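Colleague: Each chain is listed here by its residues.
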Amino acid sequence: MKKGIVMLLLLALYCVNYSNAQDNKPSKTQFMVRGYGHSGLDFVNVNGDAESSYVGTAFAPIFMFKHSDKLMFESELEFALEDGKVQVGFEYADVMYIVNDYVTVRAGKFLLPFGTFMEKLHPAWINRLATKPLGFGHGGIAPASGIGLEVRGAFNIGYSKLNYSVYSTNGPRLNLGVDEPEEAGQLIFNNFEDNNNNKAVGGRVGLLPFNNSSVEIGGSFYTGIAGNEEDSLYGNVGAALFAGDFSFVKQVPFLKGIIDVKAQFTQSNVGKANYYELEPGDSIPTKYTFNNQSQAFYAQLSYRPSMLDVKVLKDLEFVGRYSTLNTPEGSVWESQQTQIAIGINYWLTWRSVLKFSYQVTDIVGGHDAVPGESTKITGMYAHWALGF
Amino acid sequence: MKKIMTLAGFGILLAISTSTFTGCATAREAVNNKSGAQIWGENCVRCHNSPSPSVYNDVDWETIGMHMRIRANLTAVQIDKVVEFMQSAN
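These protein sequences, in sequence, are chains X and Y.
Each residue of the first sequence is one higher than the one before, starting from 1 at the first, in my numbering.
Each residue of the second sequence is one higher than the one before, starting from 1 at the first, in my numbering.
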């Protein structure tokens, strides 16, 4: 009996020691929660009607599970207060496998490398202004994410670096205007369950010609059938999107700071199709068609005097952005929009920023517009964004 | 005359290939000789401010390194050097 108790005690001691030893060893699997949040105060004036509101209060946790040195899962949710409700967004959830130094495979719902803004620059603590450029977000013409499979990688060519991505997703879905006649002909990118058997194909190639990675020039495409498979009228309506992007970021000693230039041009072409609109007083819808081509562009310049000796000044950042959006002539959502935004940011830490900006948007057309009249929207924004 | 032309052609080809390979070797050396600190300073700032190595622990940097390799399109050599630098400076 005594021997048995001694043996049990020894076994327990061994287990405690073994467990302590295991605690000191770093685990190969790791789970991390990172993400970002933001909140702010907006003053918006639409053709003389002023409104102000505390907005945002968005919380976007990113869950990262590193299974091994080659396998990882990551997902981002976004909780935001919009239209008096808590909106939950499922931004992405994908598994990635590093095949070798030059090839990584991703599967699931991932941010599309179509241009650079939506994949890399949209988080509130990275975006230098409180708003997105025209053409991105709700009513935008550039896709943000897709469900499918992607192969991507990067490698050096001499002093230069080349990165690539090729992917296949469910692709965009054509809005036929059944529920929203004012949006007939727009592309819907949240195509969680494919509306046809055609899979969209896309890709991006980025070239960093200089050894210091200060310049990147990228070209993207995304193409597929957008119409419903079983629909004889729209079954063959395709969509082809192109984007070109540019980035220049460099510390410039004679300017005592960092210059950051970003730009992206996006064009969306959707095949010709007939749509139907019920005019007030009519009982039979009127058939109409249009050349379904949209274009968006933005260029942004920011300067942070990070090399100055005065802390208050070196944490400041000055930003300016110009963006345009032109949607198809003849569509109900036809518009020509131009926006100028300027801002001053104050960096509390490397990932926490106070953003103050002023923005003017001129809109000709749009589905809520009176024909022939333009809309002028001015906005002042004070936002606090934090990456964590 | 033909022989001279052929020899000259071979000579030019040899000169181009030698200079290309030498150029490639020099470029490869320049790329490979870059320190993790240099790569960190040049690449993080392309999207956001460069984080301090002390922000996360060594194990966290492994996970963040893997995430950023994909998001920022960094090469395997680049991210290995950056993670190593962040861990050593932590």
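In case anyone wonders, no lab produced these hints; they're calculated from the structure.
Don't take each hint at face value.
Said to hold, decoys possible - Restricting the straight-line Cα-Cα distance to at most 30 Å, the calculated cross-link-like pairs of lysine-lysine (BS3-like) are:
id, chain 1, residue 1, chain 2, residue 2
1, Y, Lys-34, X, Lys-70
2, X, Lys-120, Y, Lys-34
3, Y, Lys-81, X, Lys-272
4, X, Lys-314, Y, Lys-34
Bear in mind the structure is a predicted one, so any value in this text is a computation, not a measurement.
Colleague: All hints are to be evaluated individually against the structure, with a verdict given for each.
Modeller: Hints and how they fare:
{"no.": "1", "hint": "Y:Lys-34 x X:Lys-70", "verdict": "holds (24 Å)"}
{"no.": "2", "hint": "X:Lys-120 x Y:Lys-34", "verdict": "holds (24 Å)"}
{"no.": "3", "hint": "Y:Lys-81 x X:Lys-272", "verdict": "violated (51 Å)"}
{"no.": "4", "hint": "X:Lys-314 x Y:Lys-34", "verdict": "holds (27 Å)"}
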